[in-house]
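Take the two lone chains, each set in its own frame, and fit them into one complex as the hints suggest.
Chains A and B supply the protein sequences, listed in that same order.
Here the first sequence stands for residues 3 to 157, where the numbers follow the numbering used here.
Here the second sequence stands for residues 317 to 726, where the numbers follow the numbering used here.
Derived by calculation from the structure, the hints in this document are not laboratory data.
Yeah, the Cβ is synthetic: ideal placement off N, Cα and C, and Gly gets one too.
Wrong hints could be hidden among the right ones.
Listed next, the stretches of chain B that the computed footprint assigns to chain A, with coverage defined by at least 3 CB atoms under 8 Å from CB atoms of chain A [to be verified]:
1) 478 to 487
2) 670 to 683
Taking CB as the label site, the calculated pair distances span [as the list claims (entries may be wrong)]:
3) 65/A to 712/B: 52 to 60 Å
4) 112/A to 324/B: 40 to 48 Å
5) 94/A to 586/B: 53 to 61 Å
6) 586/B to 37/A: 22 to 30 Å
7) 712/B to 37/A: 32 to 40 Å
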Amino acid sequence: MEDLKDLYREIILDHSKSPRNFGKISPCTHEGHGDNPLCGDEVSLYLRLGEDETLADVGFEGKGCAISIASASMMTELVKGTSCADAKSRFQQFLTLFSDDSAQSHSDIDDRMKALIGVKQFPMRVKCATLPWHALNAALSGIKSKDDGETKDGC
Amino acid sequence: MNDMTVFDVEKIRGDFPIFEEKIHGKRLTFLDSGASAQKPVAVLDAVQDAYRHTYANVHRGVHYLSQKSTELYEGARETVRDHLNAASVDEIIFTKSTTEAINLVANSFGQMAIGEGDEILLSYLEHHSNIVPWQLVAERVGATVKAVPIDTNGDLLRDRYEEMLTDRTKIVAITHVSNAIGTVNPVKELIAKAHSKDIPVLIDGSQAIPHMKVDVRDLDADFYVFTGHKVFAPTGIGVLFGKAELLEKMPPYQGGGDMINRVTFEKTTFATGHSKFEAGTPPIVQAIGLGAAIDYVNKIGFDQIAAHEQSLLSYATQELGKLNNIRIIGQAKQKAAIVSFTMDDIHPHDIGTIIDQAGVAVRVGHHCAQPLMDFYDVPSTVRASFALYNNKEDVDALVESIKMVQEFFR
Ligand SMILES: Cc1ncc(COP(=O)(O)O)c(C=O)c1O
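Pulled out of the complex, with its shape left as it was, chain B reads as follows (with noise of 0.2 Å):
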């Protein structure tokens, strides 16, 4: 697969046709990937080819183009089962996101196993897509949602985890990656640990997904959900990951066209598999354009694109250490490429309109993550996050623009 022996970061940049945009009149130094990545032309192509060539609903007829489309769909669910090591595609659902992922898991597994008076076990590092869905169930059967806490370094609390899983403990829903503070969580054993009590793990990949390999099988993951415009992927296409047993069992989520197996009016039958969380007409160009984004990053390679992400996080770490009034929020053991800071008496708001003046673009505010926020004392943060594109200038105009901050407030 890998046919790429050096890292050539500046080849990639020319994979991004956004790199040639100019932002005031200046460079673009895109650090906000966190929030939704850019597109590389493999990936613009193959959904242009889809609307030109080959476009027509999938799963319905007949005629030539709508199998072409349907081959082409379901060949990307054989791309991303593939690529996450799943056991069948049964098991890969799509989904218009990762918050639609986890809706579907709250609501139908929610529905199949949660009660009154049993729990729901997050953390502290949640985007509040993995909180607020838990909570309307809890809501609705009398459930509590309760959040593992973390240390000051952005690490979660293990002794307090092992404690919070009871015997009410019905579902662990927790992030691979926080999109705040950048943590790496221990997944496979946090697993582990809830398997051993019998309690299944959904896990948030939406940051993990654009930055390491992840292999379910190996992790023993129930369900794993991520979004695909974070990993180069157009918008409105996100994946659920569930074990087939757990699906199997699982009541639908939505009704509607193309999960059913026979509907009349006394009774509908579902279709099985995947089908039967796919209601109405998929996305489909979405995850053809989801299969060609993750054909593009296996072709690089993850070791490589993590060796080099890690270096510009500890480039960047370094150099924003060394100017003064700079806070860096979250020094977890193992971090994402992802750097969230505050500066003293110079709120992040003010930070990112005066450093978009120098086109640098970074994500301000409270990054989905309010109660992190309101564990470290602050209503929002400065966060830069890097992808495979991002390269040493970008860390430099960074540093430069927060200089000119910080002289526009002196």
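This is chain A alone, in the form it adopts within the complex (with noise of 0.2 Å):
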């Protein structure tokens, strides 16, 4: 029970329960897919690049658990503003939070991934936790360097 309450934590619970950003952008410069073939949940990522590369907008849908649904809604509001770099290496980081088990105690990452950390007593349920991180990641893959005259993928 102990473990339940971990990973179902009451930011958990209000956010599947009210995600922010949800729903597709317009206008849309960027989307991504993520796909649970074990569940059949899919979530969709949308971005809108700003002027300076910043993420000038995130939005996504979906049909997932209240794990997956929490993590998409924190990961929005997390990268929303940030620069298509900063977004990447937080998704490095938040994957790091699984396969690390130090990074728990790294200062610089947010309470907003942190929460979910007790999906590491799950492991069947890591992937909840990631999927709506690797539609970001593919929306990010999407876009090209603007100083760069190539199609090139990534920022």
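Spelled out as structure tokens, the structure:
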């Protein structure tokens, strides 16, 4: 039961019940998609890239469990207004939370990421937490660098 | 055969060592037999004994153990033949699973009889393993896969079925019982209708064999497949029943040892009967385990098993129905003991994780039946599937744990 309380923290229940930045944004310049073939859940992530290569707006849509919806909701809050490069490094940070036991104590990791640390006790559910981040990463990968004439993946 | 006059579920539970386990410190409520069933001592012993006392490869040695092992392996084939009431052991092919059995038919029968412009008729109730192999064949030869729709209760639309049997239909492949929502299809009638147009039929019996007695001759099935692990046998063993007249004409599926008559580099001639389709060393001990599992269920008797499971099904349907915000998916006229449901605003994955902490094991997800989930417009459901060892306490534990979920998300 303690593990459950740790998994479904107040903040997660809150974000899953009233997800922030839910819905397709318009105009939208980039989108990414994440599938969990195990459960059939899907998340679509929409971005609008601003003049200065920041994520001017972020939105998501999808069907998913409390964990994936809360993770998506908190993620959109986190990356909205940041630069592409920042968003990418946050994605990497988020992944290390589940692969590296010491990451939890890193002070530069936002609490909205750490809130999901409870899924570590439920290995089958780690994918639920990372699904929206993979969708974000897919969207970011579609972004072409501005000062590069050629098409190039990533920021 | 039937040496048990009254069905005693507690005695049956005693046959399954898994029920001695505590899960997160709680009593195990195992409602996931539809995915794979637990194993009784009779099967565990048969497997152990085979490895300890009689093990050797089959069909190739003249020594004592090889003969003994062959006798047991072929004995299991006879047990399966008798159980399905097939005419001959040559009609019983051991595979590794339902999946392999369907792939065998799709490839071998497909190569023989399905060509460009032809149609393969499935239904909306199929497991992915009775969809994808046909799509692969269809793509290869330029045929089309069609699916008979269902109504919202989960019953097959019979008039649509008849309309969809056309001159181009080369095979019908349909499930006996839906793994996702429990619908029992009227397969005997479906087969008769197809036969009236000379179309052969494959029945996926994966979810039927654990719950009911199947007589392939009475059904007049051309192919009937099932997987051992759902009927209390080990994994790695499945069965393809095929009518001899079809199997004789079909080309081999895989090549290798045991399936040949004579091999030269210029030309190989193939073995006949079931051997033609059993290339390589077969799952010997798994087959022996399957034989033991079939003997076990027959000793209890399918009349008793079915009656017990049906009473659990109605009790579960009734008790879950009393809860708020529960939607039961699939209310077919005739159902096997499978209850699929969703809850308003609470995702099946969250339900599964939470009730697991109460020791309740259910399957959550799309049940390898995504077209069916799309039909009901849900990404996934919670599925409680019952077997002969479940009891009323299991239903009560499920219902209590669902209340806990509601509490959690309030
Ligand atoms: C109806 C049905 N068909 C086919 C299968 C596939 O069985 P297996 O994975 O053992 O090949 C299953 C089980 O998952 C099933 O329920």
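Structure-based check of each hint:
1. 478 to 487: violated (count 0)
2. 670 to 683: Coverage by chain A holds for the stretch 670 to 683 of chain B (5 residues, Cβ < 8 Å).
3. 65/A to 712/B: 52 to 60 Å: Cβ of residue 65/A to Cβ of residue 712/B: about 31 Å, so the range 52 to 60 Å is violated.
4. 112/A to 324/B: 40 to 48 Å: 58 Å, violated
5. 94/A to 586/B: 53 to 61 Å: About 56 Å separates the Cβ atoms of residue 94/A and residue 586/B, which means 53 to 61 Å holds.
6. 586/B to 37/A: 22 to 30 Å: Since the Cβ atoms of residue 586/B and residue 37/A sit about 43 Å apart, the hinted range of 22 to 30 Å is violated.
7. 712/B to 37/A: 32 to 40 Å: With Cβ atoms ~37 Å apart, the hint holds.
In this structure, the hints that do not hold are numbers 1, 3, 4, 6, in rising order.
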